[in-house]
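2 protein chains.
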Amino acid sequence: MPRAFVVVAFLSLLSTPVRSSAASPKSAAVDVRATAARFLGGALAERRGHAVVTSLTDSAGPRLAGSRGDERAVAWAVEAMRAAGLENVHTEPVTVPRWVRGVERAEVVAPVDIALHVTALGGSVATSPDGIVAEVVEVASLDELKAQAAKDPARFRGKIVLYNKSMLRTHNFEGYGTAVDVRKGGAVEAARAGAVASLIRSIGTGYHRLPHTGAMRYEAGVPQIPAGALAAEDAELVHRLLARGGAVKVRLVLTPSLAADKAASANVVGELRGREHPEEIVVIGAHLDSWDLATGALDDGAGCAIVLETARLVRTLAGARPRRTIRVVLFANEEFGLSGAFAYAEAHKAELARHVAALEADAGAGRPLGVGVAAGADAVPRLRALVDGLGTVLPGEIHATDEAAADVMPLHAAGVPVFGVEQDVSTYFDWHHTAGDTVDKIDPEELARATAAFATLTFVLADAPTTMPRATPHPLPWRPGK
Amino acid sequence: MPRAFVVVAFLSLLSTPVRSSAASPKSAAVDVRATAARFLGGALAERRGHAVVTSLTDSAGPRLAGSRGDERAVAWAVEAMRAAGLENVHTEPVTVPRWVRGVERAEVVAPVDIALHVTALGGSVATSPDGIVAEVVEVASLDELKAQAAKDPARFRGKIVLYNKSMLRTHNFEGYGTAVDVRKGGAVEAARAGAVASLIRSIGTGYHRLPHTGAMRYEAGVPQIPAGALAAEDAELVHRLLARGGAVKVRLVLTPSLAADKAASANVVGELRGREHPEEIVVIGAHLDSWDLATGALDDGAGCAIVLETARLVRTLAGARPRRTIRVVLFANEEFGLSGAFAYAEAHKAELARHVAALEADAGAGRPLGVGVAAGADAVPRLRALVDGLGTVLPGEIHATDEAAADVMPLHAAGVPVFGVEQDVSTYFDWHHTAGDTVDKIDPEELARATAAFATLTFVLADAPTTMPRATPHPLPWRPGK
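Residue numbers (the working numbering), protein chains in the order written: chain A, 1 to 482; chain B, 1 to 482.
Everything labelled a hint here was simulated from the structure, so no lab data went into it. It is possible that part of the hints are untrue.
Copies of the same chain look alike in the list, so a pair counts if it fits in one copy or across any two.
What the hints assert, rightly or not - Straight-line C-alpha distance at most 25 Å; calculated SDA-like pairs for lysine to any residue:
1) Lys249 <-> Ser55
2) Lys249 <-> Arg72
3) Lys262 <-> Asp113
4) Lys349 <-> Arg72
5) Lys249 <-> Glu71
6) Lys249 <-> Ala75
7) Lys262 <-> Val112
8) Lys262 <-> Arg157
9) Lys249 <-> Val103
10) Lys146 <-> His474
11) Lys262 <-> Asp402
12) Lys262 <-> Ala45
13) Lys249 <-> Tyr207
14) Lys249 <-> Val100
15) Lys262 <-> Ala377
16) Lys262 <-> Ala115
17) Lys146 <-> Thr466
18) Lys349 <-> Arg470
19) Lys249 <-> Gly185
20) Lys249 <-> Arg101
Based on the provided sequences and hints, a complete structural model is requested.
The following block contains the structure:
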């Protein structure tokens, strides 16, 4: 297709009124179809994302907030941003809680002795060093526990609750979103019912004998009881032993601790300054921290690679700088309290009105499936018009959502339009938050396709003649873990 | 096909001379095609094998020789044989070594600190409680180590050797057989070269961050150094760190111990007595023990289910008892020295001449692919004639092999003809000897098909008019682990 035709076709799609600054553009429109095609071609041919994740995970290792790995990751990110050609590369201080995993051991001790694979949930308090020995009572959901406790207040007293809630494998976050409540809130409800510890079947889709960790929370006024996750196989074993009738007793030893003092970490920030409106900012983020059980290649090494590669692709293949500034932010401590996300929103509150879009890559390394838009009215049709004809690079539907990725939630709450490339997470939760989240799990081609989609969406938003309608500002319901 | 025709066709295939006892058979030949079809139909419709494995693994748990799980497994097997309708159910004493896994921990300590997933190989000696810290030197094979040590005698001195030999995924045992030498003999060669510890990349095909254990051996006169296996992911991490240049140091803590005294275990034996030649014995075996990291559902719970279900299928669906006695043997301690196999051969040496065939099921739960025959000349064409037309139940080629399954090696050495249903092991080594070898890994349909094939082969051998030519007796090369 001749370039002139493409440019005309592209401009003709802009059915919404343009802002005054864009009505007399200082620079010619970039051919977005050709640019997107170059992004995909470059990402696929070079497949550098996989090497970026390998570099991060091998150099820093696991990088839970406040750990030495976290510190190494910050240093790595500064270097990586410079290598990607970003400007104004710097760190911004973030104070983070520091939770350290201890011994973790569980075993059925009656009617038979069989070791279980367990991990402490993030934030859990410890058992005594010798652990807890108690009978297990199994429920399938928070509601079932509440209903049974209401009927029989003694049922869970002194017991270990096992939430045996199985997660559905879905290509999107629906399976996870439906299952994860027991991880976050299970200990509180179990403690309310008098239990001495709370276990869950791991929130995940794999059968690899690997327990899945992840943040949990306590509530003021409710006793804090230890909380862990069993591997799927082990939850099923306990289920079968219970189904035989008779008591099943488990010994649980978890000795994590939360440091009294907070630790220092940082958001790492770099920019590709805009050619026309450098004061207008498109934030593209990922989180630099990971859980401690593995090197966090999928969560969120892949996201770090996607945004760093996006910056490189835009810088080297777009032909011209986009109109607006693209700001890359690698957030501190997403996993255990969103410290970096809140610190960023606070530090930049004066310029949030000039944040015209925010995107986060935090869904692994799967292929792109669609685009979610959490912004003001008309944002969806306007984005559709902008990306028309880009389906081979940015495939799937563009649809409205009220969910923002975790690190851009505080921005969304302030009214910043949030966009996301939805990725195929069908296998992501096989490894999410487990010891198996290592770089070999990433398919370089799928990561390249996700990167090209993300780069295209970023470029379109940063270079469009007009900005997108803002979201309705709203308070965040709580300062969430993930 | 009318039954009379099948019988005639079946008899017409017997091109080899029949023994005098069979020349005037006391009982009519059983319709083997119909019987095989009933075995497959019954196995598929009921799929009891999966429940048998579940019962064993839930009731006994991991069952390394001499452990409490091993003891529970013996009691379980006696009950299971009675439930399967076997006669003369009894235990035969076996003395076993008792090796107990201790702490196992490894971590890269330079140039970065990253925890590794390690497990001790079976039989390994311990490090000190604080472990060994040493530089890692990587080789890809025993030969490479020997060649490098010959060239530079100081190369491995004081170092930790990492055998980074990757196993090929194959449908048969070729991949395993080619890779496993470093597990068995790696520590000896590393010690000869002056190393302080020996690590291998796990002998397996999975990427589940699960290290694979398995027996290793020492040699008289060579220092005994600790031996472990890293998960595939961790071996690859160390490789990449080494590829950057500079020293990679690892801390290794392994504290297993071998009990000074041997422990008591047992082979569990039961029979289905023959209708015509009860003194002639077809042994069908599996091993009751497992490694300690998991409940050993594939290795060898599946084999136990295959032979127990074979007995039940023959008893309930064959229409008549076979001519000869089928003896089910669940062997003690296959994994750590073949104690049960040697004890059986010794205890029954007076009747080994009347052992007319031996089969072991010890290849997981995959579908049947063929039959291996380790017996005298003409055994292959004679078996082909016997099973002609049974391809839907007993598929694939019948071919000669000189390899007997581990527990029937001593019988084969004494001249007993050995047969085996070859199964698809394409995924078996994803889980073999890891914590992931649990019952959920078994596909009930595939296990049912393997069982029907095994039952058919057993029935054919036990009911054929003549016995198979004996193997050439030979000494065993050594008393092997597996």
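Tested hints:
In this homomeric assembly, Lys249 and Ser55 come within 25 Å of each other (Cα to Cα) only across copies, at 19 Å, whereas the closest approach inside a single copy is 44 Å. Taking CA atoms no more than 25 Å apart as the test, Lys249 paired with Arg72 passes between copies only; the shortest distance there is 18 Å, against 42 Å inside one copy. Within a single copy, Lys262 and Asp113 get their C-alpha atoms only as close as 40 Å, which misses the 25 Å cut-off; across copies the closest is 22 Å, which meets it. For the homomeric pair Lys349 and Arg72, neither the shortest alpha-carbon distance inside one copy (28 Å) nor that between copies (65 Å) is at most 25 Å.
Only between protomers do Lys249 and Glu71 lie at most 25 Å apart by alpha-carbon distance; the minimum there is 21 Å, versus 41 Å within a single protomer. Taking the shortest alpha-carbon separations for Lys249 and Ala75, only the inter-copy value of 22 Å comes in at or below 25 Å, while the best intra-copy value is 47 Å. In this homomeric assembly, Lys262 and Val112 come within 25 Å of each other (Cα to Cα) only across copies, at 23 Å, whereas the closest approach inside a single copy is 43 Å. In this assembly of identical chains, the alpha carbons of Lys262 and Arg157 never lie at most 25 Å apart, being 34 Å within a copy and 44 Å across copies at closest.
Taking identical chains as interchangeable, the C-alpha atoms of Lys249 and Val103 lie at most 25 Å apart whether they share a chain (20 Å) or sit on different chains (24 Å). Taking the shortest Cα distances, Lys146 and His474 never come within 25 Å of each other, neither inside one copy (31 Å) nor across copies (69 Å). Proximity of Lys262 and Asp402 under a CA criterion of 25 Å is satisfied in neither setting, with 32 Å inside one chain copy and 66 Å between copies. Within a single copy, Lys262 and Ala45 get their C-alpha atoms no closer than 44 Å, and across copies no closer than 61 Å, so neither meets the 25 Å cut-off.
When the C-alpha separation of Lys249 and Tyr207 is checked against a cutoff of 25 Å, the pair qualifies only within one copy, where the shortest distance is 23 Å, while the shortest distance between copies is 32 Å. Taking CA atoms no more than 25 Å apart as the test, Lys249 paired with Val100 passes between copies only; the shortest distance there is 24 Å, against 27 Å inside one copy. When the C-alpha separation of Lys262 and Ala377 is checked against a cutoff of 25 Å, the pair qualifies neither within a copy, at 41 Å, nor between copies, at 77 Å. With identical chains, the CA atoms of Lys262 and Ala115 are at most 25 Å apart between copies only, with a shortest distance of 24 Å across copies and 35 Å within one.
Taking the closest pair of Cα atoms, Lys146 and Thr466 never come within 25 Å of each other, the shortest separation being 51 Å inside a single copy and 69 Å across copies. When the C-alpha separation of Lys349 and Arg470 is checked against a cutoff of 25 Å, the pair qualifies only within one copy, where the shortest distance is 15 Å, while the shortest distance between copies is 87 Å. In the homo-oligomer, the alpha carbons of Lys249 and Gly185 lie at most 25 Å apart inside one protomer (23 Å), although the nearest pairing across protomers, at 41 Å, exceeds that limit. In the homo-oligomer, the alpha carbons of Lys249 and Arg101 lie at most 25 Å apart both inside one protomer (24 Å) and across protomers (23 Å), since each shortest distance falls under that limit.
Hint check: violations occur at hints 4, 8, 10, 11, 12, 15 and 17; the rest are consistent with the structure.
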